[in-house]
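Undergrad: Once you have looked at the hints, place chain V on chain G.
The listed protein sequences derive, respectively, from chains G and V. Quick note: the first sequence uses numbering that gives the first Met the number 0, first residue 0, plus one each step. Quick note: the second sequence uses numbering that gives the first Met the number 0, first residue 0, plus one each step.
Worth flagging that the hints you see were computed from the coordinates, not collected in a lab. All the pointers check out, no bait thrown in.
Sample of chain V residues facing chain G (criterion: CB under 7 Å; computed from the structure):
(1) L29
(2) A40
(3) M69
(4) A89
Since we're looking at a predicted model, the values are computed, not measured. We treat Cβ as the ideally placed atom computed from N, Cα and C, and that holds for glycine.
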Amino acid sequence: MARSAVMRPPVLAEPGAGVYNEKLGIWVFLGSEVMFFTALIGAYIILRTAHPGAWQEPGEMLNVPITAFNTFLLICSSVTMVKAFAAIQEGRQKHLTLWLLATVLIGASFVGVQAYEYAELIHKGFVPSEGLYGSTFYTMTGFHGFHVSVGVLCLIFVTFRAWRGGYTAEDHRGVEVIGLYWHFVDLVWIILFTIVYLI
Amino acid sequence: MDATTPATPAAPPADEPVHHPSYIGVWFGLAFLTAIELGVAFLPWAKITIILILVGLAVWKALLVALYYMHLRYEPTRLRVLAMAPLPLALILVVAVIMEYR
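Here chain G stands alone, though its shape is the one from the complex:
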């Protein structure tokens, strides 16, 4: 498949990186986010390797089925986000708004399920001060949940702007930039789900 067929730039690309400035900016920001989450995941791996007795087996404390459902939600939100991007590339503004709205709703559902999971765990006595297991669990999933929440707020803004006709086939930078952030949040969760819940 030709590269330009998929990634037709929404505006003229800048010389140098070959992409427009906002897109270059979000990729640099995502690079810093990789370092941020690497610090968390790296610390988690080191602590867990050094203190294996502080952790419980998968499913003993954490609710794997409900988190698997949450993982499925985030995967679904990624596909609705990319469908929104594809819609506005073809100039279908109504479909853009609908796909974005679906992404907002699914993203907010993810945060809601995570809040329910936290309430359930705290009720069982699994709190951040419980020890290494609790503190690393809440730090990693909490920071990720914060990123999802920020993404949902940004998506609400983008959806409102899309509803007002703010994006066109010729210029839809905002949709692509928030989309990249949202997919990155999904990607981080894929790693966290495996490391925190399944291993």
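TA: Same frame as chain G, now just chain V:
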């Protein structure tokens, strides 16, 4: 454009048809791999075997998201290099922390 302004590559016309990869196919793949992860995590196998399989599946899923949903597969090489630039730095960070911890 004056003589000092660098040339800017022109965007293809907006009415040109856009062909996308199969986003639903990728979604199906992600859901399928997640189901496999859930099955593998509770198998009575050696812990190290399960960890290697689960990490492999997670990397596979992450690559699917990065290549097809974030469109890295279709981006200019320079942007792909920029996107991968933090990975060696992340490796250095983890190795440095491990050495410091010991």
